[in-house]
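Novice: Spelled out from the first residue to the last, the chains are:
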Amino acid sequence: MINILRWIVFVLAAFAMNFPILVTLATSFKSARELTANPGLWVQAPTLENYATVFTVSDRLNIFLYLVNSFAVAALGTLLAVALALPAAYAIARGKMGERTLLPLIVNLRAVPLVIFAIPLYMMFQWLSLLDTRLGLGLILTIVNLPLALVILVNAIRDLPAELDEAALMDGATRTQVLMRVIAPLCRPAIVTGVIFGFITAWNEFLFGLMLTTSKAVPITVGASFFFAASGGGVQWGVASAVMIVGALPPMLLGLLMYRQISGSMTAGAVKG
Amino acid sequence: MTTQTQRTSVAEFRLLAVPLVLFLLVFLGFPAIVNLVYSVSQVSFETLRSPQITGFGNFAAVWNDAAFWQASWFSFRFGLLTALLECGLGLFLAIFLAPLLEKRSWLMAILMLPLMVAPALVGLMYRLVLHEFAGPVPYYLWTWFGASLSFLGPGSAFWTLIVVETLQWTPFAFLLFYMAYQAIPREIVEASAMDGARYHHRLWYIELPLMAPTIVVALLIRFIDGFRVFDNVYVLTGSGPGGSTASLSIYIYEAFFKQGAIGKAVAASVILFIASFTVLYGLNALAARRKGATR
Numbered sequence: 151m152i153n154i155l156r157w158i159v160f161v162l163a164a165f166a167m168n169f170p171i172l173v174t175l176a177t178s179f180k181s182a183r184e185l186t187a188n189p190g191l192w193v194q195a196p197t198l199e200n201y202a203t204v205f206t207v208s209d210r211l212n213i214f215l216y217l218v219n220s221f222a223v224a225a226l227g228t229l230l231a232v233a234l235a236l237p238a239a240y241a242i243a244r245g246k247m248g249e250r251t252l253l254p255l256i257v258n259l260r261a262v263p264l265v266i267f268a269i270p271l272y273m274m275f276q277w278l279s280l281l282d283t284r285l286g287l288g289l290i291l292t293i294v295n296l297p298l299a300l301v302i303l304v305n306a307i308r309d310l311p312a313e314l315d316e317a318a319l320m321d322g323a324t325r326t327q328v329l330m331r332v333i334a335p336l337c338r339p340a341i342v343t344g345v346i347f348g349f350i351t352a353w354n355e356f357l358f359g360l361m362l363t364t365s366k367a368v369p370i371t372v373g374a375s376f377f378f379a380a381s382g383g384g385v386q387w388g389v390a391s392a393v394m395i396v397g398a399l400p401p402m403l404l405g406l407l408m409y410r411q412i413s414g415s416m417t418a419g420a421v422k423g
Numbered sequence: 077m078t079t080q081t082q083r084t085s086v087a088e089f090r091l092l093a094v095p096l097v098l099f100l101l102v103f104l105g106f107p108a109i110v111n112l113v114y115s116v117s118q119v120s121f122e123t124l125r126s127p128q129i130t131g132f133g134n135f136a137a138v139w140n141d142a143a144f145w146q147a148s149w150f151s152f153r154f155g156l157l158t159a160l161l162e163c164g165l166g167l168f169l170a171i172f173l174a175p176l177l178e179k180r181s182w183l184m185a186i187l188m189l190p191l192m193v194a195p196a197l198v199g200l201m202y203r204l205v206l207h208e209f210a211g212p213v214p215y216y217l218w219t220w221f222g223a224s225l226s227f228l229g230p231g232s233a234f235w236t237l238i239v240v241e242t243l244q245w246t247p248f249a250f251l252l253f254y255m256a257y258q259a260i261p262r263e264i265v266e267a268s269a270m271d272g273a274r275y276h277h278r279l280w281y282i283e284l285p286l287m288a289p290t291i292v293v294a295l296l297i298r299f300i301d302g303f304r305v306f307d308n309v310y311v312l313t314g315s316g317p318g319g320s321t322a323s324l325s326i327y328i329y330e331a332f333f334k335q336g337a338i339g340k341a342v343a344a345s346v347i348l349f350i351a352s353f354t355v356l357y358g359l360n361a362l363a364a365r366r367k368g369a370t371r
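Same order as they appear, the protein sequences are chains A and B. At position 112 of the first sequence the residue is numbered 262 (this note's numbering), and the sequence of numbers has no breaks. At position 161 of the second sequence the residue is numbered 237 (this note's numbering), and the sequence of numbers has no breaks.
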């Protein structure tokens with residue numbers, strides 16, 4: 151009996167929390183005519199015409215550009231963050247380097263309103279001609295991803311027995327060699343988690359995309375809103391919905407496939423950080 | 077011999093941390109200095125490279141700006157209310173649904189799905205959901221009750237945003253609590269059952285106290301994220317109606333990009349910067365002391 155109640159609560163919660171996604175998915179399959187007649191959740195005559203419109207490149211809108219931009223900046227922002235965090239995490243976990251300065255500083259970064267740094271970074275990027283470039287946005291996303299990457303990697307290395315390092319050092323390896331040959335391979339699960347989580351975070355970032363890009367490097371989170379005003383008149387909700395589904399799909403698929411790793415890393419960042 | 081290797085070890089550890097430190101100096105240290113200099117300068121988009129240091133006029137301008145205090149109050153209320161709602165709902169779901177989820181972990185993926193979608197896109201999605209002609213919520217309210225609400229109007233926009241934020245981030249709190257609940261040692265629960273403790277006693281006196289640290293952390297994280305909210309609020313209401321839904325992040329963004337008031341925007345950034353780091357380091361120190369006390 152109580153189990154039936156549990157199922158009811160689960161279905162209600164899942165429905166309420168995923169409601170905007172469901173509505174958008176349904177609307178993306180409605181023709182313009184059906185939309186005005188039927189705003190409900192049920193689609194009477196599903197059509198792909200909205201997706202066809204979205205994937206048609208016009209002189210003003212180019213979904214492929216936004217998707218490639220998002221992919222490129224998310225990849226750069228994730229890989230660079232992990233590449234910077236791994237050696238530093240090793241120095242923190244094993245060398246007790248910056249355990250009381252660097253680590254709390256970076257962990258606190260996760261909690262600071264990012265807009266604080268947005269204005270000086272905007273000025274700096276203007277001087278360096280990094281405004282509206284993928285490189286520029288990727289570098290910023292590195293900062294966004296650093297805190298969690300560092301926490302995950304420090305925890306992973308602390309969990310490895312120090313005897314591993316000592317054995318390799320006895321054999322004449324340097325610390326750098328120990329890191330690359332012994333520690334890094336053993337941290338592979340943590341690195342994978344950091345990369346997945348970082349990629350999703352970077353793909354979903356909006357504020358810096360809005361401030362630092364205008365046309366060439368616009369990511370999908372910002373580009374999606376361009377479609378809202380596409381036709382001059384009112385919003386074409388079918389097309390707008392199709393764009394949002396396309397933009398939300400990559401991280402959603404990653405999340406569905408990797409939810410175990412992600413739930414682990416969220417708790418690691420929260421509880422141990 | 078050992079001190080020799082130890083010394084080279086220390087040098088090598090330092091070297092390994094250098095790239096990260098350099099990166100932070102360039103991308104955070106430099107902006108911090110720019111912030112500090114510009115906050116006490118007179119500057120516009122034309123004189124961006126040659127700011128004139130003039131004193132604390134910008135801080136006074138922010139301090140005397142009613143919109144700044146309105147935005148601070150919005151951020152604080154928004155952070156507090158969403159944190160409480162998300163953690164309350166998340167805690168209930170985590171404990172009540174645990175027997176269901178233990179057997180079928182894939183159900184977790186469904187509950188976690190909202191976390192994967194960009195808050196900016198979720199905000200845009202709610203523009204559709206709440207749209208008076210194309211949106212299903214007003215549509216169903218009309219068909220079932222013959223009336224609808226103006227969800228983004230003056231009185232209700234704040235509460236609509238609270239619901240939007242809560243529905244997207246309750247899964248985060250839920251996830252933390254579910255993990256903490258699973259981590260409670262079985263023996264303790266079984267022992268209490270043997271002693272004849274009832275379900276709600278066990279929950280109240282054993283399980284919830286064991287989860288207390290996680291609850292504090294979750295409340296804190298959700299408060300911080302609610303306090304610095306930008307994406308979903310910005311795309312859903314801008315800052316309207318009448319600036320009533322401007323968070324501090326939106327206040328700073330608009331001062332800079334819409335009004336060109338660089339000095340004011342930067343001064344507000346510095347205030348926020350100092351306030352957040354003071355609070356965060358205070359909390360760290362508190363946590364460290366508590367840890368030391370329990371040991």
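What the hints contain is simulated information worked out from the structure, not anything from laboratory work. None of the values given here were measured: they were computed from a predicted structure. Careful: at least some of the hints might be erroneous.
[Claimed, not checked] Listing some non-contacts, in silico: residues in chain A with all C-beta distances to chain B over 10 angstroms:
hint, residue
1, A166
2, D209
3, L211
4, F214
5, L215
6, L226
7, L252
8, L281
9, R331
10, E355
11, L404
[Stated by the list, open to error] Per label pair, the in silico range of CB-to-CB distance:
hint, chain 1, residue 1, chain 2, residue 2, range
12, B, V102, A, I152, 56 to 66 angstroms
13, B, L284, A, T364, 43 to 53 angstroms
14, A, T364, B, V113, 23 to 33 angstroms
15, B, L284, A, A187, 49 to 59 angstroms
16, A, V342, B, G133, 50 to 60 angstroms
Note that CB positions come from ideal geometry on N, CA and C, so glycine has one too.
Novice: Each hint needs a verdict: does it hold in this structure or not?
Specialist: Going down the list of hints, with the structure as the test:
{"no.": "1", "hint": "A166", "in the structure": "violated (6 angstroms)"}
{"no.": "2", "hint": "D209", "in the structure": "holds (23 angstroms)"}
{"no.": "3", "hint": "L211", "in the structure": "holds (15 angstroms)"}
{"no.": "4", "hint": "F214", "in the structure": "holds (18 angstroms)"}
{"no.": "5", "hint": "L215", "in the structure": "holds (18 angstroms)"}
{"no.": "6", "hint": "L226", "in the structure": "holds (13 angstroms)"}
{"no.": "7", "hint": "L252", "in the structure": "violated (7 angstroms)"}
{"no.": "8", "hint": "L281", "in the structure": "holds (13 angstroms)"}
{"no.": "9", "hint": "R331", "in the structure": "holds (14 angstroms)"}
{"no.": "10", "hint": "E355", "in the structure": "violated (8 angstroms)"}
{"no.": "11", "hint": "L404", "in the structure": "violated (7 angstroms)"}
{"no.": "12", "hint": "B:V102 to A:I152: 56 to 66 angstroms", "in the structure": "holds (57 angstroms)"}
{"no.": "13", "hint": "B:L284 to A:T364: 43 to 53 angstroms", "in the structure": "holds (51 angstroms)"}
{"no.": "14", "hint": "A:T364 to B:V113: 23 to 33 angstroms", "in the structure": "holds (26 angstroms)"}
{"no.": "15", "hint": "B:L284 to A:A187: 49 to 59 angstroms", "in the structure": "holds (51 angstroms)"}
{"no.": "16", "hint": "A:V342 to B:G133: 50 to 60 angstroms", "in the structure": "holds (51 angstroms)"}
In this structure, the hints that do not hold are numbers 1, 7, 10, 11, in rising order.
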